[in-house]
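J.: Chain by chain, the residues:
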Amino acid sequence: QKEVEQNSGPLSVPEGAIASLNCTYSDRGSQSFFWYRQYSGKSPELIMFIYSNGDKEDGRFTAQLNKASQYVSLLIRDSQPSDSATYLCAVKIRGTGRRALTFGSGTRLQVQP
Amino acid sequence: NAGVTQTPKFQVLKTGQSMTLQCAQDMNHNSMYWYRQDPGMGLRLIYYSASEGTTDKGEVPNGYNVSRLNKREFSLRLESAAPSQTSVYFCATQLDDNTEAFFGQGTRLTVV
Chain R
1 QKEVEQNSGP LSVPEGAIAS LNCTYSDRGS QSFFWYRQYS GKSPELIMFI
51 YSNGDKEDGR FTAQLNKASQ YVSLLIRDSQ PSDSATYLCA VKIRGTGRRA
101 LTFGSGTRLQ VQP
Chain G
1 NAGVTQTPKF QVLKTGQSMT LQCAQDMNHN SMYWYRQDPG MGLRLIYYSA
51 SEGTTDKGEV PNGYNVSRLN KREFSLRLES AAPSQTSVYF CATQLDDNTE
101 AFFGQGTRLT VV
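As given, the protein sequences belong to chains R and G, one line each in that order. For what it's worth, the numbering used here labels the leading residue of the first sequence as 1, then goes sequentially. For what it's worth, the numbering used here labels the leading residue of the second sequence as 1, then goes sequentially.
The shape of chain R in the complex, shown without the other chains (with noise of 0.2 Å):
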């Protein structure tokens, strides 16, 4: 089993819909989630951090955290041909030496004009 999951898409939504990308992760005492965004050929750049259960609002963006069913989600209103990307939800595992984060392998989103 992978530290931390995603479906790897294409995950292809209308212009205007809701886009819905999940996470799952392994360590139950995890503490700090990060759902990055990845243009093809760039660099991942962060989108939101959720450190606590419940949901976490940024403009479109909404970030869930549920840590008993050891999930994250990411939810993407009114979804623009400009959100078309691979998203990677990354999480801080426990464990000495785990410094970095760990990385899923992202999905990949497509929004359809």
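Derived by calculation from the structure, the hints in this document are not laboratory data. Every clue listed holds true.
Computed spacing ranges between beta-carbons, pair by pair:
1. 15/R to 53/G: 50 to 60 Å
2. 32/R to 7/G: 21 to 31 Å
3. 15/G to 32/R: 37 to 47 Å
4. 58/R to 41/G: 25 to 35 Å
5. 39/R to 86/G: 18 to 28 Å
Because the structure is a prediction, the values reported are computed rather than measured. Using N, Cα and C, we set each Cβ at its ideal position, and we do this for glycine too.
Since the structure of chain R is provided, determine the placement of chain G on it from the hints.
T.: Coordinates of chain G only, in the frame set by chain R:
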């Protein structure tokens, strides 16, 4: 304020050649990282440095060496490049373990 700067952006090497990828940050972060990204594999940690003068292996360290020259700079060296090292390499920094990572623009390396 450049953030995290990597050089070069592109490189083609022949099998057996060596090269060093450079990374510099002006964010005053203690932690620096080298990742590689391959299709379908996500970002995998090669090496990291929690502070100046310290380095530790990550998930895929074989075939690489690193050097944390000072707080700003963290270099990745391939002593004898192999085709399996064809990848996109990203340098990243973090203020501390639980904060977000900031990435450089990446180096696309091809080994033929």
